[in-house]
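Take a look at the letters that make up each chain.
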Amino acid sequence: MMTILLLFFPLIAALAVLLGGSKLAAQLALGLAVVELAITGYAVSVFQASGPEAFYIFHSWIESPKVSFHLGLDGLSLVMVLLTNFLTPIIILSAFNRNTPHAAGYFSLILLMQFALVGVFMAMDGLLYYIFWELALIPIYFIALRWGGTNRVAITLKFFIYTLAGSLLMLFGFIMLYWYNPDQSFDIRELYRIYISDGNQSWLFWMFFLAFAIKIPIVPFHTWQADTYRESPTQGTMLLSGIMLKMGTYSLIRWLLPILPMGVAKWGPLAITLCVVGIVYASIIAIKQRNLKNLLAYSSLAHVGLIAAGIFALNIQGLQGSVVQMVAHGVNVVGLFFCADIIFNRTNTNETNELGGIRNLAPQFTTMFMVIVLGSVALPLTNGFIGEFLLLYGVYEYNTWLSVFAGLTIILGAVYMLRMFKKVMLGETGVRVPVFPDLYWNEKLALGILVVVIVAMGVYPKPILDMAEPVLQTILNKTVI
Amino acid sequence: MMQGFKILNPYIIQIITIKEKTVYTLIYTCCLGLLCLVAEILNLRKLLIPVILAGLAAIFCVNYMDWQHVGPIMIGGMDMAHMMQVDQFTVAFNGLLIGAAALLFTLSADFYKDEQHHLSDYLAILIFILTGAMVLTSFANLIMLFLGIEIVSISLYIMAGSRKFDIRSNEAGFKYFLMGSFASAILLFGITLIYGSSGSFELSKISEFAASSGMNSPMFLVGALLMVAAFLFKVAAVPFHFWSPDVYEGSPSLVTTMMATLVKVSFFAAFYRLMSGGLLGIHDYTNDILVIVAAATMIVGNLIALSQENFKRLLAYSGISHAGYMLLAILSLKSDSSSALFFYGAAYVLATIGAFAVAIPVFKATGKETIDAFDGLGRKKPFLAAMLTMSMLSLAGIPPLAGFLGKYYIFSEAIKNGYAILTVLAVLASIVGVYYYFKVILAMYTKQGDDTEIKPTLLYTIVMLVCVGLSLLLGVWPGGLMGIL
Chain F
1 MMTILLLFFP LIAALAVLLG GSKLAAQLAL GLAVVELAIT GYAVSVFQAS
51 GPEAFYIFHS WIESPKVSFH LGLDGLSLVM VLLTNFLTPI IILSAFNRNT
101 PHAAGYFSLI LLMQFALVGV FMAMDGLLYY IFWELALIPI YFIALRWGGT
151 NRVAITLKFF IYTLAGSLLM LFGFIMLYWY NPDQSFDIRE LYRIYISDGN
201 QSWLFWMFFL AFAIKIPIVP FHTWQADTYR ESPTQGTMLL SGIMLKMGTY
251 SLIRWLLPIL PMGVAKWGPL AITLCVVGIV YASIIAIKQR NLKNLLAYSS
301 LAHVGLIAAG IFALNIQGLQ GSVVQMVAHG VNVVGLFFCA DIIFNRTNTN
351 ETNELGGIRN LAPQFTTMFM VIVLGSVALP LTNGFIGEFL LLYGVYEYNT
401 WLSVFAGLTI ILGAVYMLRM FKKVMLGETG VRVPVFPDLY WNEKLALGIL
451 VVVIVAMGVY PKPILDMAEP VLQTILNKTV I
Chain B
1 MMQGFKILNP YIIQIITIKE KTVYTLIYTC CLGLLCLVAE ILNLRKLLIP
51 VILAGLAAIF CVNYMDWQHV GPIMIGGMDM AHMMQVDQFT VAFNGLLIGA
101 AALLFTLSAD FYKDEQHHLS DYLAILIFIL TGAMVLTSFA NLIMLFLGIE
151 IVSISLYIMA GSRKFDIRSN EAGFKYFLMG SFASAILLFG ITLIYGSSGS
201 FELSKISEFA ASSGMNSPMF LVGALLMVAA FLFKVAAVPF HFWSPDVYEG
251 SPSLVTTMMA TLVKVSFFAA FYRLMSGGLL GIHDYTNDIL VIVAAATMIV
301 GNLIALSQEN FKRLLAYSGI SHAGYMLLAI LSLKSDSSSA LFFYGAAYVL
351 ATIGAFAVAI PVFKATGKET IDAFDGLGRK KPFLAAMLTM SMLSLAGIPP
401 LAGFLGKYYI FSEAIKNGYA ILTVLAVLAS IVGVYYYFKV ILAMYTKQGD
451 DTEIKPTLLY TIVMLVCVGL SLLLGVWPGG LMGIL
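Protein sequences appear in the order of chains F and B.
The opening position of the first sequence corresponds to residue 1 in my numbering, with each subsequent residue numbered one higher.
The opening position of the second sequence corresponds to residue 1 in my numbering, with each subsequent residue numbered one higher.
Any given hint might turn out to be false.
[Said to hold, decoys possible] Once the Cα atoms are required to be at most 20 Å apart in a straight line, the calculated EDC-like pairs of lysine to aspartate or glutamate come out as:
1. LYS334/B - ASP288/B
2. LYS439/B - ASP450/B
3. LYS288/F - GLU190/F
4. LYS66/F - ASP336/B
5. LYS416/B - ASP183/F
6. LYS164/B - GLU115/B
7. LYS416/B - GLU63/F
8. LYS364/B - ASP187/F
9. LYS416/B - GLU351/F
10. LYS368/B - ASP288/B
11. LYS364/B - ASP166/B
12. LYS66/F - ASP183/F
13. LYS364/B - ASP114/B
14. LYS364/B - ASP110/B
15. LYS380/B - GLU453/B
Just so you know, the hints here were simulated from the structure itself, not pulled from any lab data.
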């Protein structure tokens, strides 16, 4: 029952906001998202008390190709759902006082997105999962299309078709799995058990990997990313970078590793190399960026590259690091894009050359921004440190040389993030910064929460590690034979 | 009056308590068409559409009653010389066709508002198309197949050219007639050769012959090939597709809708029936051809659609590509893919009628039939834009709409039958498809339109809501239609 509520409440909320009219849409959406967060909090407490069994739901849905309405909430899913439902109210809060046109539609789509994301993380049936996966694409597409920047039409269409192409290959892969399964169903428990020959795993790996690699994105499938991040409205960028790309990394762990272990064994080295190449490549490009949003997009590319590399390292440190870093990156990147939005809101520019000296005008904002930047460059006692440390440790266990290159992310990350901070916030007051009002209440609240979480996770990450650990161990046992 | 009832009474009781499969569905539909013509004489035009809708509802029920009964087809004790065969396939497809027809007649009420003096003629012909389509779903004899195809086609030639003073409508009717009659001749030639080699028009006997010695009889193979070619023409598969964009564009929009939905599905039902019921024995031989045709149809249909500016032409090419996907079901005869074909047909019909229900009032208001007629619709009429968006998404095959499950179902059958590479091609083709469906969506949401007032009437709105609602329902809860065959 609680699983159903957890899944469908955002959908109901989306309808309510759509019908409620534009005047109070933001407030209503925020209220409902907080309720969903409260439900999630309750779910966490139930989970701590009685484990994942309380959350399984199984109904047969379609008879003839056997598809079941199978939801579950184990530790891994719970962490992701928690991340989604924690970030959604923050994302909504960040849109306060921005006078979004057609607000009802906007917030309704954000909540619809939340519904699809929660569905992706809870679905335990292949086709059900696929439907949510595709469903998530529609709201974000329309958010970017209707509320995005000037070049949005071509860029969002590229984004849509690019990701859909990957998804359809995955659908093909799922249908193949269905016919390989002697019992012919999409149920995850059966998919984990079926035997698929070496050769078939080898090409099925690419069907799934391409879908996830496009979504994450892993170099060289990243070309949609920076443009889309720049052209989307801030909330769209936050949804994309904070939560949606975690769909890809989550799916690597949940679907790819345990179902196609031999495919992973064969192609994993290539995949992890791509990831590490991507880390270095994205970091170097980030250093050259003059536009704040572009810089953040490439930094995000570098960070998720490391997450994916940790997953393909196929050891428990790497997997645990990836889960922690998914959460940490989600929190940090939402904070960073929010800071970029605050700057753009005051100065109408995101070009780092035109900014500077904001510190003198807005001390509160500067402090919060600083903490988030430090979290993002993985300073000890912030959330980024725990994740990156575990990830690099995992990659090191896998291969020393790869970890050397992957480790560059910390150095290069510090270079571009701190340089950006210096240019934007410190120094002489920039040409476009004559007046810079300090944080409004909603901004203060949202950033404040994020800052608290960044530090808290950095000091005490154990709950997240504990939650996901058993699941990761089981999955690892299935993958490494 | 009472006297009349008393005479009819035994027949009425017999109708109510049918214990065997019948073709009453067909007979009643014919009667409904005749009633339309009589209404012209009695000057009852105003009542016509409600009466037709009520009649269709009744026919739907009669059709449904056949679902439960098994056995040979009988009418009043006669077995019709085995001309027709009503089975669950027939009943399911008839139900779909009747439903589609009901939606189309609902649209026609406002579509023909300015042409009241021809109303009953048009409606009667549309009903006769439905009659022909029903023959196509239930034939057991090649003569009936030919009759059904001719009933549908000749009615369509008339309807395509029914805008007498519009040069494009004339062109459409004439072109369709020339090309279509050519295809009919080929079909007839194929039937003759098959008769010559197998000695029968009956589907069951042909099936026996095909299984035993079909592959050794060149005459039979050529006959089968000609029949397949004629069908490929009728369903507008590449390379026999050239008529379809011109005819779709020139015909009145409602007729285009009918061609794209009801008629296309009925031809596919007949094609499936022919291939699975009669020519199954030479399956390996025909499939070699159909694989190439299906691949070409998906590629060409989707690629040419990319450059279309006219909405009706766009949907014509989209219809061609959908024919390519549906050919996958015709290929997958080793397992029973009729359910997949049926579900796909239903999803496709709903999405296309839904799209036209939005497009027709927009065309009427703007006077254009190009994609830029939809410019700015998202701001002017968010509801209409949302309805068209859902229809387009369903055609593109994006969950949670019915089009997605339809595609999934067909792909799954094709993979099961060993056409994995062709399915990958279909997947890639449908990615291309997304681009042009989104062209319409982009026009609505990103372009500035003029201030033309667009007012869809209540009936159009109802049709939109029904189509989109059912698309969503089937996408979320497909159990109602999936796997019923």
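Against the structure, the hints:
| no. | hint | verdict |
| --- | --- | --- |
| 1 | LYS334/B - ASP288/B | holds (14 Å) |
| 2 | LYS439/B - ASP450/B | holds (18 Å) |
| 3 | LYS288/F - GLU190/F | violated (48 Å) |
| 4 | LYS66/F - ASP336/B | holds (16 Å) |
| 5 | LYS416/B - ASP183/F | holds (14 Å) |
| 6 | LYS164/B - GLU115/B | holds (12 Å) |
| 7 | LYS416/B - GLU63/F | holds (17 Å) |
| 8 | LYS364/B - ASP187/F | violated (49 Å) |
| 9 | LYS416/B - GLU351/F | violated (55 Å) |
| 10 | LYS368/B - ASP288/B | violated (43 Å) |
| 11 | LYS364/B - ASP166/B | holds (15 Å) |
| 12 | LYS66/F - ASP183/F | holds (9 Å) |
| 13 | LYS364/B - ASP114/B | holds (12 Å) |
| 14 | LYS364/B - ASP110/B | holds (11 Å) |
| 15 | LYS380/B - GLU453/B | holds (8 Å) |
Violated hints, listed in ascending order, are 3, 8, 9 and 10; each of the other numbered hints is respected by the structure.
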